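Novice: Residues per chain, in single letters:
There are 2 protein chains.
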Amino acid sequence: MKNLLLNIKGVRFAAVAAGIKQEQHFSENSSSKSLKKLDLSLISFIEGTTTAAVFTQNVFCAAPVLVAKNHLQNQPKALIINSGNANAGTGVGSGSVGLKNAYAVCQLAADTLGIKATQVLPFSTGVIGQPLPMSCFEDNIKQLVSLLSADKLPEVARAIMTTDLAEKTIFKQFKVANKTVTITGIAKGSGMIRPDMATMLSFIFTDILAHQSELQKCLTQAVNQSFNRITVDGDTSTNDACTLSATGTSGVNIDDCVDKFQQALNEVTKDLAHKIIKDGEGATKFVEICVRGGVSNEACLEVAYTVAHSPLVKTALFASDANWGRILAAVGRANIKHLKAHEVDIYLGSVCLVKQGEKAADYLESQGMREMAKDKIKISIKIGNHATEESVWTTDLSLDYIKINAAYRT
Amino acid sequence: MKNLLLNIKGVRFAAVAAGIKQEQHFSENSSSKSLKKLDLSLISFIEGTTTAAVFTQNVFCAAPVLVAKNHLQNQPKALIINSGNANAGTGVGSGSVGLKNAYAVCQLAADTLGIKATQVLPFSTGVIGQPLPMSCFEDNIKQLVSLLSADKLPEVARAIMTTDLAEKTIFKQFKVANKTVTITGIAKGSGMIRPDMATMLSFIFTDILAHQSELQKCLTQAVNQSFNRITVDGDTSTNDACTLSATGTSGVNIDDCVDKFQQALNEVTKDLAHKIIKDGEGATKFVEICVRGGVSNEACLEVAYTVAHSPLVKTALFASDANWGRILAAVGRANIKHLKAHEVDIYLGSVCLVKQGEKAADYLESQGMREMAKDKIKISIKIGNHATEESVWTTDLSLDYIKINAAYRT
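Protein chains in written order, with our numbering: chain E, 1 to 410; chain V, 1 to 410.
Because the hints were derived from the structure by calculation, they are not lab data.
Since this is a predicted model, take the numbers as computed values, not measurements.
Possibly wrong hints are sitting among the right ones.
No copy labels: a pair is met if it fits in one copy or bridges any two.
Unchecked claim - Result set (DSS-like, lysine-lysine): computed pairs, CA atoms no more than 30 Å apart in a straight line:
hint, residue 1, residue 2
1, K100, K340
2, K116, K403
3, K340, K175
4, K359, K69
5, K374, K355
6, K179, K359
7, K116, K175
8, K100, K142
9, K142, K355
10, K179, K374
11, K142, K359
12, K142, K278
13, K374, K142
14, K37, K9
15, K100, K355
16, K382, K100
17, K403, K278
18, K359, K403
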């Protein structure tokens with residue numbers, strides 16, 4: 001059941017073990033290093049498929065991100081994705097090895113598929129600072145193309161993993177008149193980020209009929225409510241990307257069901273985002289921080305992120321310690337205007353810790369401790385009386401986080 | 001030599017063990033719990049002394065901070081400081097126990113000294129959420145006043161400590177014509193913040209003659225370059241405060257030497273700030289992050305803080321791992337405009353890791369590792385060609401940080 005995924009007519013998938021992970025001496029928690037792991041994927045689209053995408057905002061984005069951004073306007077016909085090497089920190093200037101290799105990967109796929117290189121989007125994730133091992137691509141591209149089939153998405157979900165402990169897949173369906181629309185998505189990314197492999201990648205497919213501009217609007221909204229609301233340590237990667245491709249093969253036009261589609265897409269991206277948080281190495285808690293009542297949604301978000309990134313709050317979560325003072329202090333230093341102490345209430349689950357800026361009169365430590373002992377924790381913070389609300393999802397900060405991130409590369 | 005401090009004519013000090021720490025079951029790394037620790041201090045000023053102060057920006061500032069802010073305008077004649085209980089989270093509304101106790105402490109000191117309560121500034125540091133044990137103050141105020149003497153500042157330096165491992169003291173002198181001006185300062189605060197005792201307090205004294213407004217200007221500038229530039233985990237306390245009191249007893253007017261005074265004061269506050277970082281529990285490195293060339297000093301600071309707060313950079317520092325990719329990624333996600341990847345250079349000590357946004361051609365990992373192995377590390381980042389520069393000081397993120405902050409209170 002784990003990898004149950006519905007096919008999307010018009011999309012074919014393939015994944016092979018090309019040796020990129022071995023080439024990079026990429027040490028996973030694998031029992032056998034000699035066993036080659038899936039690390040190179042190809043996805044090909046039927047004619048007429050439209051694709052939208054969002055990319056990392058990091059100024060130092062990697063070469064494949066630049067190329068994918070550049071090729072997005074050409075109605076892409078294929079995605080090629082490798083894990084084990086991020087092709088990041090390898091140069092993005094014209095003539096740099098990073099950019100040359102990213103283009104070369106597109107050319108290889110295009111030549112074998114019989115399309116143009118500008119119709120291929122490249123994605124890479126893995127170690128940074130090392131050139132892509134091009135022979136791994138050259139030696140395997142023919143086999144990859146020959147393996148393309150409609151039911152191989154689960155293999156791609158596995159092939160894009162780096163430090164992930166589990167594949168992340170989801171599908172949703174809804175009906176319009178008598179027709180069914182399907183959305184299927186996969187993602188990779190590890191909540192508790194390992195340094196150079198922090199990349200979040202997600203690829204989503206649907207059989208709805210949509211113009212690229214409509215798709216882009218829906219994807220941007222969905223990502224803002226999901227992948228852009230999960231945070232582990234505030235660090236963002238050079239390679240993050242999410243695509244949404246629509247084949248039109250369901251015969252349903254997005255104009256007839258845009259709200260339904262948006263809702264289903266939101267559920268898909270939120271589910272994948274939560275799976276990334278839950279897969280966090282070192283993470284022992286899944287934490288929602290919901291802030292409402294600020295003068296703007298931005299104000300709510302700023303408070304939510306300040307609490308989510310507070311190492312003191314995060315270590316309290318790790319220790320299952322209902323330390324309301326740490327939460328209150330984090331709220332108090334959030335960089336927003338118009339925060340009034342006496343308008344702040346804080347809840348842990350349904351337990352009120354802080355009322356009007358002070359410890360709630362009837363709060364008992366035992367109540368807080370009971371909430372904190374749970375694996376799934378919701379911190380609700382009211383900062384005013386406006387009709388605004390934002391949630392972010394995060395993890396605790398554990399000893400394993402330090403161990404993983406300090407041990408890696410040394 | 002440890003506590004060598006020069007007296008300031010016109011300032012008298014006293015400290016006693018009032019039982020506030022015991023009262024709060026404040027568990028320090030003391031071998032004997034039965035031994036009472038110094039925890040209540042009084043500082044009294046000669047007539048005509050002017051005092052400037054800066055306070056925490058946290059919206060949830062504690063009751064004593066509110067009272068001190070309120071009394072600052074009345075040319076304070078005394079400071080009363082307790083450790084062991086922060087009188088924070090105890091209410092700041094009129095009628096709240098927190099505010100009532102803060103005022104009561106001032107009244108006690110005033111009655112015994114024969115001054116007005118509005119001429120006393122109160123300061124508290126320690127556990128939060130518990131009312132001040134007022135009997136400890138009442139029972140000891142007479143003895144405290146009777147002990148006042150010019151040479152007891154070292155005892156006050158010890159009495160204001162909470163989780164600090166060492167007293168933090170410094171003095172500077174400079175000459176104007178044939179006269180000597182002295183600045184003497186003490187501070188408390190533990191770089192690797194223990195949750196409810198994160199408070200930074202600093203008290204500085206000088207025998208220069210200065211109006212309050214001049215003092216305030218000098219103090220604000222000095223604090224901005226020192227205490228406001230140290231960061232451990234981005235969390236700020238509800239009780240932070242720093243005062244500067246000038247007796248005028250040197251006979252030197254600040255108008256005749258304002259630059260010299262500012263420079264000496266900057267050295268005093270920077271030295272105390274660095275001592276706080278070095279005393280960080282769990283900290284194994286002292287790290288300077290210097291950013292220059294941004295379109296503004298604010299832009300430089302934003303980049304410096306983003307790097308300083310990056311858990312991935314901080315764990316790399318803990319692991320002595322010259323992981324330039326993590327530094328580069330943190331710079332790239334800093335919330336500033338106009339950052340161009342090809343204008344970014346990164347140095348570790350004198351070793352160039354990144355040149356024009358890419359790994360420096362002649363960089364060898366062994367060079368970086370050698371720099372990272374040091375206890376004192378300087379990361380220099382160039383982000384453009386403007387004549388701007390800002391530094392912040394921080395620590396690494398260690399296993400002990402998690403252990404200390406997770407274990408505390410549980």
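Novice: All hints are to be evaluated individually against the structure, with a verdict given for each.
Specialist: To see whether the hints hold, each was checked on the structure:
1. Taking the shortest alpha-carbon separations for K100 and K340, only the inter-copy value of 21 Å comes in at or below 30 Å, while the best intra-copy value is 54 Å.
2. In this assembly of identical chains, the alpha carbons of K116 and K403 never lie at most 30 Å apart, being 46 Å within a copy and 55 Å across copies at closest.
3. Taking CA atoms no more than 30 Å apart as the test, K340 paired with K175 passes in neither setting, with 47 Å inside one copy and 47 Å between copies.
4. For a Cα distance limit of 30 Å, the shortest separation of K359 from K69 across copies, 23 Å, qualifies, whereas the shortest one inside one copy, 50 Å, does not.
5. Only within a single protomer do K374 and K355 lie at most 30 Å apart by alpha-carbon distance; the minimum there is 23 Å, versus 47 Å between protomers.
6. In this assembly of identical chains, the alpha carbons of K179 and K359 never lie at most 30 Å apart, being 55 Å within a copy and 53 Å across copies at closest.
7. When the C-alpha separation of K116 and K175 is checked against a cutoff of 30 Å, the pair qualifies neither within a copy, at 36 Å, nor between copies, at 78 Å.
8. Taking the shortest Cα distances, K100 and K142 sit within 30 Å of each other inside one copy (21 Å), while across copies they are farther apart (80 Å).
9. In this assembly of identical chains, K142 and K355 lie within 30 Å of each other by CA distance neither inside one copy nor across copies; the values are 65 Å within and 38 Å between.
10. In this assembly of identical chains, the alpha carbons of K179 and K374 never lie at most 30 Å apart, being 42 Å within a copy and 66 Å across copies at closest.
11. Proximity of K142 and K359 under a CA criterion of 30 Å is satisfied in neither setting, with 66 Å inside one chain copy and 34 Å between copies.
12. With identical chains, the CA atoms of K142 and K278 are never at most 30 Å apart, being 36 Å at best within one copy and 59 Å at best between copies.
13. Within a single copy, K374 and K142 get their C-alpha atoms no closer than 50 Å, and across copies no closer than 50 Å, so neither meets the 30 Å cut-off.
14. In this assembly of identical chains, K37 and K9 lie within 30 Å of each other by CA distance solely inside one copy; the values are 27 Å within and 76 Å between copies.
15. For the homomeric pair K100 and K355, the shortest alpha-carbon distance between copies (20 Å) is at most 30 Å, but the shortest distance inside one copy (59 Å) is not.
16. For the identical chains of this complex, K382 and K100 are inter-copy neighbours only, at 27 Å across copies versus 51 Å inside a copy, given an alpha-carbon limit of 30 Å.
17. For a Cα distance limit of 30 Å, the shortest separation of K403 from K278 qualifies both inside one copy, at 18 Å, and across copies, at 22 Å.
18. Proximity of K359 and K403 under a CA criterion of 30 Å is satisfied inter-copy only: 26 Å between copies versus 35 Å inside one chain copy.
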